[in-house]
Amino acid sequence: MNRSRIGYSVTGGALAILFLFPLLWSGWASVRTGSGFGLENYDRLFTSDNGVRPQHVLNSLVVSVLTVGGTLFVATLGGYAFGRFKFPGRDVLFLVTLAILMVPYATILIALYVLLGWIGLEDSLVGLSLVLVMFQLPFSIFMMRNSFEAVPRELEESAQMDGCASVGTLVRIMLPAVKPGLITVGLFAFLTSWSEFFAPLILLNSTDKFTTTLAVVNMRTASHGSIDYAALEAGVVFMAVPCLILFAFMQRSYVRGFTSGAIKG
Amino acid sequence: MTIVTTPRRAQRAEQAGPPPARRRFRRQTRRAWLGIAYASPTAVMVALFFLTPLVLVGWMSLHRWPLLAPPTLNAPDNFTTIGDNELVRSATWFTIKYTVIITVLLFAVSLGLALLVQHRRRGVGFFRTAFFLPMAVGFASASLLFLGLLSDEIGPVSDLLRGIGLIDGYVSWTSGSANSALGSAVVLVLWRFAGFNMLILLTGLQAIPPEIYEAARVDGASRWQTFRSITLPLLRPTIALVLTLMVTGSLLAFDQFWILTRGGPDNSTTSLVMVIYREAFIRLDLGSAAAISVVLLVVLVVFNVIQLGVLRRRSN
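Line order of the protein sequences matches chains A and B.
For what it's worth, the working numbering labels the leading residue of the first sequence as 1, then goes sequentially.
For what it's worth, the working numbering labels the leading residue of the second sequence as 1001, then goes sequentially.
By construction, these hints were calculated from the structure, which means they are not laboratory data.
Take the hints with a grain of salt, since some may be wrong.
Unchecked claim - DEER-style ranges, computed between Cβ atoms:
hint : chain 1 : residue 1 : chain 2 : residue 2 : range
1    : B       : Pro1237   : A       : Gly120    : 44 to 52 Å
2    : B       : Leu1048   : A       : Asp123    : 13 to 21 Å
3    : B       : Glu1086   : A       : Leu61     : 51 to 59 Å
4    : A       : Val126    : B       : Pro1071   : 19 to 27 Å
5    : A       : Leu58     : B       : Pro1070   : 47 to 55 Å
6    : B       : Ile1230   : A       : Arg90     : 37 to 45 Å
7    : B       : Ile1230   : A       : Gly120    : 54 to 62 Å
8    : A       : Asp123    : B       : Pro1209   : 48 to 56 Å
9    : B       : Pro1209   : A       : Leu39     : 50 to 58 Å
10   : B       : Gly1125   : A       : Leu39     : 27 to 35 Å
11   : A       : Asn205    : B       : Glu1086   : 26 to 34 Å
12   : B       : Arg1089   : A       : Thr221    : 20 to 28 Å
13   : A       : Phe249    : B       : Ile1230   : 32 to 40 Å
Said to hold, decoys possible - Here are a few chain A residues that sit away from chain B, every Cβ distance over 12 Å (derived from the structure):
hint : residue
14   : Gly36
15   : Ser48
16   : Asn146
17   : Glu196
Even for Gly, the Cβ is constructed at its ideal location relative to N, Cα and C.
For reference, chain B alone in the conformation it holds in the complex (with noise of 0.2 Å):
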């Protein structure tokens, strides 16, 4: 069919509708601004409120920037002066230190957890909600819960250890040494994130092909054999994405010691995101706080690119 553009042809072919693909057309233009505009709202809250903090905080950082007066250009005084500030210094060890234990420990608890209910068994629902129970309480309570749990005023835990004679004398958990207070930290966040991360172990773990477990069975393969070459490797991709979320969560610690140690005895649990909260609305500048979230961002940032590159090498 040709188009005759005489006013009477156009005029009819617009009665009669446009021809199929032309319609086709519009109906996809129409669809791409209907989608468009559902997209909108999404679009506007991550400009808004991710996007522009994100350039924010790396402008502020380039800034002398007080919480109350206009700011002044200062770069890079907030990033030469972070390796003097003997606090960022000790805040950055300690939050590594804390990082590796809490991605050993609560690694190896939420394994074995997760091998402990992966199969269909007596209890197996309420094991499972047991362990997951805690992850309904916000972390703030449970800080807050453990601050009780763990104190010699009202807590348990002290009794029963001088019951069995463990210790004998008063003891302060949270707060009495570098060590007890990491300790009690650690205590807290195993308790509060095993049951997610197992969770999350055991959606990879039942991915995993009765039939290749059989096969071994077959074979004559021993149960330590079995798991070391076919559930670690299926288990991998899985594995790599509850590490990522362990240590992303760890460097950015803050409520446990915020709520249960105060970042004490002598700064000793004091972690990176709260030297961030002190410069900031303690020290009252904006501009090194920025800074030091600059910093922690690109290791971040960095970390999880690497580690997302891992993964999907080896997924494929």
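With the rest of the complex left out, here is chain A (with noise of 0.2 Å):
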């Protein structure tokens, strides 16, 4: 009994030091300078010839923004109709949707690239936005249809019989009820677009488009002769700490909903 107890202490122990380390050490290793601490290697990131430009950081919370509203809004709406109302081909479109997961989208990624050339989207940010909010959906509409199938339906009627308009229904009493299922879709929605990388690097081809993930990564691969890794390792930093800090403050209800997600999608 209490040698198992130490065994699971100290393997959990030494296996959390290996997982927390690489994120530690990037930290570290992006305020460490030649002669000790200090921000230059911050100041390169932002500086140096291919390095962050105020308009990449710009371009990813444009994408962003537009992303976690766009899934929010859509999902929101489809979540509703799906949990709650019956209509012909509410099914086959819901399995629709769900069917984006089997469907991996680096495969139509490059159809994507040609049909947002199309309708006169190419190299534009909303065309990035609107491929992450398709991409968001199967997770989305099914978190929200859940969401939205766990409200009593008492509380819908009620409101009707009180004469409540039915978007004055879903606005007033349904969104609030559906709170956490938001949270952790416009999260979720958020991670993913912040830190994107594939879909920008083919859908984005102008330098002052890139988002700041795409920039870093250009710093990398634009380099012909020495990386300079430590101005990487500030890049890194600089795009993970948004994503820790909301991670922080909402992790129950992400990691809750996440794998509610997961399991049944």
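Could you use the hints to bring the two separately framed chains together as a complex?
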């Protein structure tokens, strides 16, 4: 009994150190300079020739806001429709939405690149955000449908008796009831859009449209000679800090929603 | 009540409202229309950005489709030339090899972690968070992090191994040899995704009723027996899900090799998705890229359908 408890603590502790070490090391490496500690690496990250520009950070924020907003809008309405209404084609549409998970997006991004060109959204942050919203849909719609289904019917019916119009019922009665679902969906959409690499790489061409992730990776891939590793670690920390902060605040609902969605989806 | 269609009666009926059955029907129709209205943004997004590109990628694969010139029909050239492409062949083998390695190792590590933290004990919350935390870092960022971590210039790994005498001299983990490059990517993926898969397995483990374990203990079953004849069979649907996610994710590997190894040395770590990217944006041949995508897509869908079938049969 006692021995197994010690074994558990030692194994768990050693593994926890192993998993936390890379994160702690990158924080340390990002502030280490030749003579001691300072912000020189961050300085190079933002000022070197192919470094990160304020424009790139702004682009990332635009894409994140559009993706989170778009995902919440589509998934809330869709989840409400799938969870609370009967209409022809409902089950087919729901299954097709979930099928997005079965067709991993690396295989359709080439076609999306051509398609966005046709509708005038080539090399555009809006186009990228729309694609990211679509990729968020299976998880988000599923999550929101479950959330709406879990709300007691009486709540909705009594609101309608009181003469609340449908949209009014949704906004005033239903939305507060599905808040945990909205937080999970929004957080997940943010984490994905903020750090997504492959979709921006394919869909964005010009340097001034780059997201931060693309710009930081570009510092590595565009360097033919020596790589500025320390500046890269500064980039890693810069990218990770917003995610870690959000994660710390919302870990509980994020993890809960994540697993329930992953299991049932 | 008979409905008499004299104008006066009709007028009166309208004033009193339609009979209950028709009212219910009307309400249902109204609700159906509302449902359609609420579902329409989803329908538009799915039709425009999922179904259309799905058809388009098939259409593109039948054409010579240069990046900057009008396409011309050339079916089935894009497919017949796939086999002749040396890089496609080596990338296919590499991707399969990588998928097998990752699936085995990642599954073993994730299940180990899940078993370690499945009970409420002291420090369990901290351990779970520590294992899951890498998931909060984007995968591209994680790849860059490991690029530095494993580098000889600023990374501590080489220094550490030199310190204990395991290696000597300069070692380039991410580009030195095919094996060390692959190994670097494997370590990165284990670090980043073990906690995520642990979490899924954990929910499966916690869904097993504790009474079954209790009964096994009363019967004097050993730990290993309990694990083999209770935990594993009851965990099967969750295991199937986790394995599906791992296989799908590995077959589509891109970020880790693009960033960490650049596909090298000598294309030895070039994955299939990297070849798709290369065909499309370096060789500017979208038709060929689409053909490889279609093949990969068909393989994945077939794999997932089989997997789902197995999963359903087992859970029945």
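For each hint, the structure was consulted:
{"no.": "1", "hint": "B:Pro1237 <-> A:Gly120: 44 to 52 Å", "result": "holds, 45 Å"}
{"no.": "2", "hint": "B:Leu1048 <-> A:Asp123: 13 to 21 Å", "result": "holds, 18 Å"}
{"no.": "3", "hint": "B:Glu1086 <-> A:Leu61: 51 to 59 Å", "result": "violated, 43 Å"}
{"no.": "4", "hint": "A:Val126 <-> B:Pro1071: 19 to 27 Å", "result": "holds, 26 Å"}
{"no.": "5", "hint": "A:Leu58 <-> B:Pro1070: 47 to 55 Å", "result": "violated, 36 Å"}
{"no.": "6", "hint": "B:Ile1230 <-> A:Arg90: 37 to 45 Å", "result": "holds, 39 Å"}
{"no.": "7", "hint": "B:Ile1230 <-> A:Gly120: 54 to 62 Å", "result": "holds, 59 Å"}
{"no.": "8", "hint": "A:Asp123 <-> B:Pro1209: 48 to 56 Å", "result": "holds, 55 Å"}
{"no.": "9", "hint": "B:Pro1209 <-> A:Leu39: 50 to 58 Å", "result": "holds, 55 Å"}
{"no.": "10", "hint": "B:Gly1125 <-> A:Leu39: 27 to 35 Å", "result": "holds, 34 Å"}
{"no.": "11", "hint": "A:Asn205 <-> B:Glu1086: 26 to 34 Å", "result": "holds, 29 Å"}
{"no.": "12", "hint": "B:Arg1089 <-> A:Thr221: 20 to 28 Å", "result": "holds, 25 Å"}
{"no.": "13", "hint": "A:Phe249 <-> B:Ile1230: 32 to 40 Å", "result": "holds, 38 Å"}
{"no.": "14", "hint": "Gly36", "result": "holds, 15 Å"}
{"no.": "15", "hint": "Ser48", "result": "holds, 15 Å"}
{"no.": "16", "hint": "Asn146", "result": "holds, 15 Å"}
{"no.": "17", "hint": "Glu196", "result": "violated, 7 Å"}
Violated hints, listed in ascending order, are 3, 5, 17; each of the other numbered hints is respected by the structure.
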